[in-house]
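If you read the protein sequences in the order shown, they are chains A and B.
In terms of the working numbering, the first sequence is residues 74 to 436.
In terms of the working numbering, the second sequence is residues 74 to 436.
Just so you know, these hints were derived from the structure itself, not from any lab.
Some hints here could point you the wrong way.
As the list makes no split between identical chains, a pair holds if one copy fits it or if it spans any two.
The calculated lysine-lysine pairs, modelled on DSS-like cross-linking and capped at a C-alpha distance of 30 Å, are [to be verified]:
#, residue 1, residue 2
1, K362, K434
2, K334, K288
3, K390, K421
4, K362, K419
5, K428, K362
6, K362, K430
7, K246, K76
8, K362, K390
9, K260, K248
10, K414, K260
11, K419, K390
12, K419, K260
13, K390, K434
14, K430, K414
15, K421, K260
16, K288, K76
There are 2 protein chains.
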Amino acid sequence: MDKRAHRYCVIMCGGIGSRFWPYSRARLPKQFIDFLGTGRTLLQMSYDRISNIIPASNILIITNGRYADLVREQLPELTDSQLLLEPARRNTAPCIAWAAWHIAARDPEASMIVTPADHVITREAEFERSILEGFDFVESHNALLTMGISPTRPETGYGYIQVGDPAQGNISKVKTFTEKPDIELAKVFLATGEFFWNSGIFLWRTSAIREALHKWVPDIALAFDAAAPETYTDHKAESAFIAEAFPGCMSISIDYSVMEKADNVYVETVTFGWNDLGTWSTLYDLSPKNSDRNVTQNCNVLAYNSSGNIFAIRGDKLVVVDGLEDYIIADADGVLLICPKAREQKIKQMVTDAKVKFGDKYE
Amino acid sequence: MDKRAHRYCVIMCGGIGSRFWPYSRARLPKQFIDFLGTGRTLLQMSYDRISNIIPASNILIITNGRYADLVREQLPELTDSQLLLEPARRNTAPCIAWAAWHIAARDPEASMIVTPADHVITREAEFERSILEGFDFVESHNALLTMGISPTRPETGYGYIQVGDPAQGNISKVKTFTEKPDIELAKVFLATGEFFWNSGIFLWRTSAIREALHKWVPDIALAFDAAAPETYTDHKAESAFIAEAFPGCMSISIDYSVMEKADNVYVETVTFGWNDLGTWSTLYDLSPKNSDRNVTQNCNVLAYNSSGNIFAIRGDKLVVVDGLEDYIIADADGVLLICPKAREQKIKQMVTDAKVKFGDKYE
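Bound conformation, chain A alone (with noise of 0.2 Å):
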């Protein structure tokens, strides 16, 4: 057995992407959406790049049971068993432990790379060149491993990972986690060239991560070893008992109970033209613009006195505007959001808002 068949992926896809709405709705979250307008999803692009590496059948998908027939129908080769549906939102620490206990059931030797479905990678050949680099290293050291962005900009949305004593390669230990700064601070961490971003990529052996919970999170991990591993192999069995044991665990990040507490951490600096899709401004400065520096998404815009702007709209549709500068414009499904760039946080209240005043229909 060669070292590739030991290797698995999660690509972890539960999320709702409410920063993104109205065009990303909780029964179509932006990872189920062909954002780029490449025709694939950002899903079916996260399972397209892993699989140049990874075995198919050792590629889980790890979501909410609501997204359960988007997964089978954007990604059909999948059988069940590569499906994990959450019964509940717990956040990264309790879905990370899930998968790795049924991984391990399968494989004890096995490693993995952790990974959302909604970023976007440009550079494919740098990103699966970094991603084995990662491999080979966490298969040779009890070593939890992250993916540190190069960064390009102050960016203040982002964490920050500061980079400590040179371990192998690009492989270095983590100095300290910083969460995100303000504009000053990231300036700072720009300049030094010790700090990159914390992309949320993970690589580790099974074998590290369940001990990194069991020691900083055990009751995660004594959750999930309240089965048998032979209960993780079974589709069935396995379903009744994480409907059982799932809700129960607390809701954590991973990053907050292990990343952040653990000595054996690790980063590796990489550049694979990474974004994390995080905003419409990042998915604005992503996009190709046109000669008025206006995105448009899946529409017919006429602009005038308009620039900077980025529109999103769902469905064959004209968009007529005058006199924006900055703004998104996002329609999909029954809502019109019409908001300043600058503004663009307060979007998930104004999803609060909405539903407050008029029921859950536009959520």
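For this one, chain A is given, so just place chain B on it according to the hints.
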């Protein structure tokens, strides 16, 4: 036969209302829309209003042939002989001439009121009183009478009529007609008290308007003289004649061809709460506002940092808007328009631009 039986009304409803695009469309212009949310379209409201003072069988609708089904649907009480279907768009002079010849063939003693279908009149009792005063006057004088609205602001979007020597009651000779003035001149007009808005509502005996057409635009009068009176009382014969004769008429307004030239032109100054509903701004001014001074039509709106806007959205939709002041936000039938109210005069050009760039599907 009492004098009421000799009174006719011609409701002109052939316009496409492109200043209200995209809410008003070539295939469904504004007169066919329940624009004020009252449950009746503007055409129906015009019909209701006039049917209080004119026998229902004496009310004619003149419109473009493409709108025949819309009129029949909205006013099912009409017979086909009450529906004058223009085979081409030729402005108001040929339209009014045809109606006058059509009525004269039925009743040589007839008097008639001509009114657009898309105006709003809020004081109905005062409207009725004014119209009856006008009929009494034109029935006893060889007069072409126009309704002059007492101005309430220095409006630059209307033509003005200056009153001359008093004739009878609220009726005077017309001294001058003035096209849309600039704001300075409009203020002077308002201050003098001599100037009234030209409403486009006319009253006269059919014999008087036919005589005036013969004198001032004989080409048009002779075109309609070419058919015998019996032709105008035979629906099939009339349609065949009009199909030939009407498109050959020059396209010219009744104001320019007759009213501004004739010497028997009178104005009745009225105060019946008239609004020509000519633009989004006039609709905004006319409509009830919420606490943010926003006006909403047919939609749920969540507005943040936004005031002075008008939202007109067809279909059950939620609009969420942040940071818009004094805009038109209109969405209907595949077109979304976002335009400052102050630049609404550009909308006609936008319709043309859209047609050039994307074809007539958005017209």
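How the hints compare with the structure:
Taking CA atoms no more than 30 Å apart as the test, K362 paired with K434 passes between copies only; the shortest distance there is 26 Å, against 33 Å inside one copy. Proximity of K334 and K288 under a CA criterion of 30 Å is satisfied intra-copy only: 10 Å inside one chain copy versus 98 Å between copies. With identical chains, the CA atoms of K390 and K421 are at most 30 Å apart both within one copy (25 Å) and between copies (19 Å). For the identical chains of this complex, K362 and K419 are neighbours both inside a copy (25 Å) and across copies (25 Å), given an alpha-carbon limit of 30 Å.
With identical chains, the CA atoms of K428 and K362 are at most 30 Å apart between copies only, with a shortest distance of 23 Å across copies and 33 Å within one. For the identical chains of this complex, K362 and K430 are inter-copy neighbours only, at 19 Å across copies versus 36 Å inside a copy, given an alpha-carbon limit of 30 Å. Taking identical chains as interchangeable, the C-alpha atoms of K246 and K76 lie at most 30 Å apart only when both belong to the same chain, with a minimum of 24 Å there against 102 Å between chains. Taking the shortest Cα distances, K362 and K390 sit within 30 Å of each other both inside one copy (19 Å) and across copies (29 Å).
In this assembly of identical chains, K260 and K248 lie within 30 Å of each other by CA distance solely inside one copy; the values are 19 Å within and 73 Å between copies. Taking the closest pair of Cα atoms, K414 and K260 come within 30 Å of each other only inside a single copy of the chain (21 Å); across copies the shortest separation is 41 Å, beyond that limit. With identical chains, the CA atoms of K419 and K390 are at most 30 Å apart both within one copy (26 Å) and between copies (20 Å). For the identical chains of this complex, K419 and K260 are intra-copy neighbours only, at 24 Å inside a copy versus 44 Å across copies, given an alpha-carbon limit of 30 Å.
Proximity of K390 and K434 under a CA criterion of 30 Å is satisfied in both settings, with 22 Å inside one chain copy and 10 Å between copies. Taking identical chains as interchangeable, the C-alpha atoms of K430 and K414 lie at most 30 Å apart whether they share a chain (24 Å) or sit on different chains (28 Å). When the C-alpha separation of K421 and K260 is checked against a cutoff of 30 Å, the pair qualifies only within one copy, where the shortest distance is 27 Å, while the shortest distance between copies is 48 Å. Proximity of K288 and K76 under a CA criterion of 30 Å is satisfied intra-copy only: 27 Å inside one chain copy versus 101 Å between copies.
Checked against the numbered hints above, the structure breaks none of them.
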